[in-house]
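Peer 1: Given next are the chains, with one letter for each unit.
Number of protein chains: 2
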Amino acid sequence: MSKTPRIKGVLSPVVTPFDNDLNPDTARFINHCKWLISQGCGLAAFGTNSEANSLSVNERMALLDAILAAGIDPARMMPGTGCCSISDSVRLTEHAVKAGCAGALMLPPFYYKGVSDEGLYRNYSEIIERVGDDRLRIYLYHIPPVAVVGITTGLVERLLKDYPGTVAGMKDSSGDWINSKKFLDAFGSTGFDVFVGSESLLLANMRSGGAGCISATANVNTAAIVKLYEEWKNADADAQQEALNAVRKVTGQYVMIPALKRIVGHYSKDPDWSTVRPPLVELTDEQATKVLDGLRALGFTMPGLAAA
Amino acid sequence: MSKTPRIKGVLSPVVTPFDNDLNPDTARFINHCKWLISQGCGLAAFGTNSEANSLSVNERMALLDAILAAGIDPARMMPGTGCCSISDSVRLTEHAVKAGCAGALMLPPFYYKGVSDEGLYRNYSEIIERVGDDRLRIYLYHIPPVAVVGITTGLVERLLKDYPGTVAGMKDSSGDWINSKKFLDAFGSTGFDVFVGSESLLLANMRSGGAGCISATANVNTAAIVKLYEEWKNADADAQQEALNAVRKVTGQYVMIPALKRIVGHYSKDPDWSTVRPPLVELTDEQATKVLDGLRALGFTMPGLAAA
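Residue numbers (the numbering used here), protein chains in the order written: chain V, 1 to 308; chain A, 1 to 308.
Incorrect hints may appear among the rest.
A pair counts as met if it fits within one copy or between any two copies, since identical chains are not told apart.
[Stated by the list, open to error] No farther apart than 25 angstroms at their CA atoms in a straight line, the calculated lysine-lysine pairs in the DSS-like style are these:
hint, residue 1, residue 2
1, 227, 113
2, 113, 290
3, 161, 182
4, 8, 269
Hints in this document: simulated from the structure, not taken from any laboratory.
Kindly produce the complete structure, drawing on both the sequences and the hints.
Peer 2: If you want it as structure tokens, here you go:
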């Protein structure tokens, strides 16, 4: 079976809405995914900002099935499928591949700390072998501030050597441009796609041959981030980057996930969007007011967003 | 429905055997659980040393069902049931309670770092409310070197106030006696049971009114640890503690989990026991020889242990 073209550009780790009983809210999720797609954004559903690890495997698969059934193109999807357990990772990855998703974004197993590259190699290798599907494209997910366990160049080198068509790239959420550049320099020429984990590094990444960004704020400041991805060679690219940074600074002044949900709820006139699953807590009204006032001052909008 | 007596003493975070395809090996697991019980040890199955987070929820439930079907008394069990997702935690906790287990050892959700006590309170509260069973006894699991997210006295205070019959104690795997003592001093008088996470602190814990220990090495040095629990008031208690420490030093000189599995495999003449799931890796033969020689020099044995 032939592979689809590589997924590139701006992807959103789609925030996951919950109902009042803390169950995933499928209608709101589909609505938000459709809006993101309408803005030119791809879907890295079930990422850190999706509270994916606060969901069960079955809840994640049901949500993916729901957006597929709603007609969203899997070629625009790179769902998160990396778990602490290879059993869970295999189940989610297999499900994503069979659905035709363009890629799978894979956290390393993150419970044990200080594990060896050999152990991480075996984790990814075991998953690739068990899934056993030529269409599989894995994107390694490096997010040391949260997962603590990270991805090294040594690990990538070994995986690329043994699974050249399958290990397609990475998401670097270290927030450290020097680290992203290191992976680009080491592997970029082989077609290894580096997505930065924040749009604040999008321009730098594009200028160095990167593939785009997968960023929390792509849930809300979507069109503007996509615009810079498309226009990074333009004369006003640096000005665009500065404008993105200003929005990000306001959005991320408290905890990012509840802030994003509050913003989506505000602009879609659907305040129940603010619900998060423990261990996260929603923003206080005072915090939310500061975020929303700050965005208003920047002329921020979410055009075309409506309640589900 | 009335509660069973509190579980106390020495509990083993039972190491989980895997077959050559990395699937849980039920026969070996039952065999090891029965041996542990025969040595006077309780079963904290599905702990850190059990590679529990490397298992799926279904794999964990199937293993618990298997030892129950093998006739092992659930009053001697405190399975680990705390996951990153409340959906998973509720499912595992409900299953353990319905099986009649004496307690449930609950990690905090450990993916997001820097979360608030309010968020952790909501996590435990939500699980307790959803399980909704008077028989439930929760033991909070504090293991900051691995989970990073930890349990504070402020969290325990709130939970004890709202769920006094349900929040029964904790396992402190900080390895810091000052921390264990802090919880004993704050809550011991209310009947809150503190288990230390290493037998190296067992004597100190018993002298301060603690409930016992839940320790990796209880998988192998079982009878000797149980003996100190029973004889901690004896004149030779300090000498017993020193002997336990000497065995632990040898056992833990490399990574603990593969070392334990290698030891069980050696003394049961069943070398396939050494298999671990990624991201862990087995000991090298050289490392294993050092561990086994070290134990032999201390006169270490595992009496009555045989292959499954």
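Peer 1: Next step is simple, just say for each hint if it's right about the structure.
Peer 2: Hint by hint, here is what the structure shows:
Taking the shortest alpha-carbon separations for residue 227 and residue 113, neither the intra-copy value of 39 angstroms nor the inter-copy value of 32 angstroms comes in at or below 25 angstroms. For a Cα distance limit of 25 angstroms, the shortest separation of residue 113 from residue 290 across copies, 24 angstroms, qualifies, whereas the shortest one inside one copy, 37 angstroms, does not. Proximity of residue 161 to residue 182 under the C-alpha cut-off of 25 angstroms is restricted to the intra-copy arrangement: shortest distance 18 angstroms within a copy versus 51 angstroms between copies. In this assembly of identical chains, the alpha carbons of residue 8 and residue 269 never lie at most 25 angstroms apart, being 31 angstroms within a copy and 53 angstroms across copies at closest.
Consistency note: the structure conflicts with the earlier hints numbered 1 and 4.
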